[in-house]
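Trainee: Build out the structure end to end from the sequences listed, making use of the hints.
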Amino acid sequence: MPHSGINVLFEGHNLVRLLGGLWTTVWIAALALVLGLSLGALLGALRTLKNPVLRLGLRLYLEFFRIVPTVVLLFLAYYLVPELFHVDSLPGSWMAVIAFGLWVAAEFSDIVRGALLSVPVHQRESGLALGMNRWQLFRYVLLPQALKLELPATINLATRVIKTTSLLMLISVMDVINIGQQIIEANNTTYRTGVFWVYGVIFIFYFVVDYPLSRWAQRLAAQQKV
Amino acid sequence: METEILKVTHLNKFYGARQVLFDVNFTLHQGEVLTLLGPSGSGKSTLLRTLNGLEAFQAGTLTFNGQPVVADEAHWQKLRQKIGMVFQSYDLFPNLTVLENITLAPVKIQGRSAATVQAEALALLERVGLSAYAKAYPRELSGGQKQRIAIVRALALHPELMLFDEVTASLDPEMVRGVLEIIKQLSQEAAMTMIIVTHEMNFAAQIADRVLFLADGKIVEDTPGQQFFAQPQTQRAQEFLDSMDF
Ligand SMILES: Nc1ncnc2c1ncn2[C@@H]1O[C@H](COP(=O)(O)OP(=O)(O)OP(=O)(O)O)[C@@H](O)[C@H]1O
Ligand SMILES: [Mg+2]
Chain A
9 MPHSGINVLF EGHNLVRLLG GLWTTVWIAA LALVLGLSLG ALLGALRTLK NPVLRLGLRL
69 YLEFFRIVPT VVLLFLAYYL VPELFHVDSL PGSWMAVIAF GLWVAAEFSD IVRGALLSVP
129 VHQRESGLAL GMNRWQLFRY VLLPQALKLE LPATINLATR VIKTTSLLML ISVMDVINIG
189 QQIIEANNTT YRTGVFWVYG VIFIFYFVVD YPLSRWAQRL AAQQKV
Chain B
180 METEILKVTH LNKFYGARQV LFDVNFTLHQ GEVLTLLGPS GSGKSTLLRT LNGLEAFQAG
240 TLTFNGQPVV ADEAHWQKLR QKIGMVFQSY DLFPNLTVLE NITLAPVKIQ GRSAATVQAE
300 ALALLERVGL SAYAKAYPRE LSGGQKQRIA IVRALALHPE LMLFDEVTAS LDPEMVRGVL
360 EIIKQLSQEA AMTMIIVTHE MNFAAQIADR VLFLADGKIV EDTPGQQFFA QPQTQRAQEF
420 LDSMDF
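Chains as they are written, first to last, in our numbering: chain A, 9 to 234; chain B, 180 to 425.
What the hints contain is simulated information worked out from the structure, not anything from laboratory work. Don't take each hint at face value.
Claimed, not checked - Okay, derived cross-link-like pairs now, SDA-like style, lysine to any residue, Cα gap no bigger than 20 angstroms in a straight line:
hint, chain 1, residue 1, chain 2, residue 2
1, A, K58, B, E252
2, B, K363, B, E305
3, B, K257, A, Q144
4, B, K261, A, K58
5, B, K287, A, P152
6, B, K261, A, N141
7, B, K287, A, R147
Mentor: Here it is as structure tokens:
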């Protein structure tokens, strides 16, 4: 009996399983972003301070996460951290949140720093002239203006994070790709073209999540140029 | 005109190794309008900025309302609420509406009640003829309107002294008058004490109780306004007035 590959999607709970995998992907990316953006905003602000030791330390942190490939970070988090700190109760998905979160924090700290520094000097001075202290200046003048400047770059970072979650299968997290892979393997003999359909659906999933973000970033960036 | 608001003695200011203010001395009384004139690069902006702590000085003393000024950031933050400053560049906060620009500091920094401050801000806007723009964003305003708002924003803190650094220098000619009019009103109706740096000689001649003429970082003349414009005491000042076509 000839089988059309598309039926692999409707075999058992395959589609539901894929959606479940997508959910894993999305929540890991979302948590990593929440963690990373908060930490990164703080680090970015600290990097505008004059303290040379602090600046060097944070710079090294950034460079480390830039230079080391994300796969290596994931493996480090997955294999090394439990070894070093004698914790093995944390599942891989949480290790992934931490690894991605620290990576996002590093990248975002650079975005925040750049945005803070690009707020014009006279904005800073007019805040000071109104009697603001350092924190008030940051809170009411620099941060709101920097947020606006950095939004497109932040959205682009988010799309990169979502794409990079495809590495999660390497540390056995049941993300959408890993589940897709399992479905393909389980149905290899029955549906020989199943692989195209499964990856087709995964492609659409990623597209649906990432494309609106990427368009939004483009629109904002275009608006800012005017 | 008796109470001393500000007293500057033996003020010296360096940028790195380069001295830009030399032994500056003057006293400013309540309600007085002091105009600071001088060629480009003579140190007018630097002097104003030193008076509200945006620039550090290396020698001399400042006395504000009889109290010696302690020149550290924490003290300056308090003092700056009493010494308003408006700059040449339009520097409203672009992410806030006109009204929010005005109420931000009184509410968040002075901790006054939002309702009171808002009512007062609206009244001030009315006075400068811009109440229709309370909800507008700075990008929707002309340069002249922005400068009027910047003045209102500084006034909302109830300053005792106002510093104006060439607030009309970047404006189109037709915008200049409206802004100068407000400064004049402020002097006449509210008897605000102020130091004004300007290149508008007619305006300076009308408003100045006293003129400080600065050249190469030194006060060359400290003369009553009328007298300065009619008959400056120094050759330098005369040449300056000539160069300004006054
Ligand atoms: N941040 C700075 N660092 C070093 N030198 C400076 C700085 N700001 C000003 N100067 C120098 O100090 C001197 C006084 O400058 P200032 O801006 O006070 O002059 P000004 O009288 O306001 O001139 P203008 O009429 O052009 O505004 C100038 O020689 C200027 O080059
Ligand atoms: Mg100047």
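Trainee: Would you check the hint for K58 of chain A and E252 of chain B, treating anything up to 20 angstroms between C-alpha atoms as holding?
Mentor: Judged against 20 angstroms, a Cα distance of about 16 angstroms means the pair holds.
Trainee: For the pair supplied as a hint, K261 of chain B and K58 of chain A, is the alpha-carbon distance within the 20 angstroms limit?
Mentor: Outside the cut-off at roughly 29 angstroms; violated.
Trainee: Between K363 of chain B and E305 of chain B, is the straight-line Cα distance small enough, at 20 angstroms or below?
Mentor: Holds, because 16 angstroms separates the two Cα atoms, which is no more than 20 angstroms.
Trainee: What's the verdict on K287 of chain B and P152 of chain A, does the C-alpha distance respect the 20 angstroms limit or exceed it?
Mentor: Cα-Cα ~15 angstroms, so holds.
Trainee: Take the C-alpha atoms of K257 of chain B and Q144 of chain A, compute the straight-line distance between them, and say whether it is at most 20 angstroms.
Mentor: At roughly 13 angstroms apart (the allowed maximum being 20 angstroms), Q144 of chain A and K257 of chain B satisfy the hint.
Trainee: Between K287 of chain B and R147 of chain A, is the straight-line Cα distance small enough, at 20 angstroms or below?
Mentor: Holds. K287 of chain B to R147 of chain A sits at ~11 angstroms (cutoff 20 angstroms).
Trainee: If you draw a straight line from the CA of K261 of chain B to the CA of N141 of chain A, is it 20 angstroms or shorter?
Mentor: holds, 15 angstroms
When held up to the earlier numbered hints, the structure conflicts with hint 4 and nothing else.
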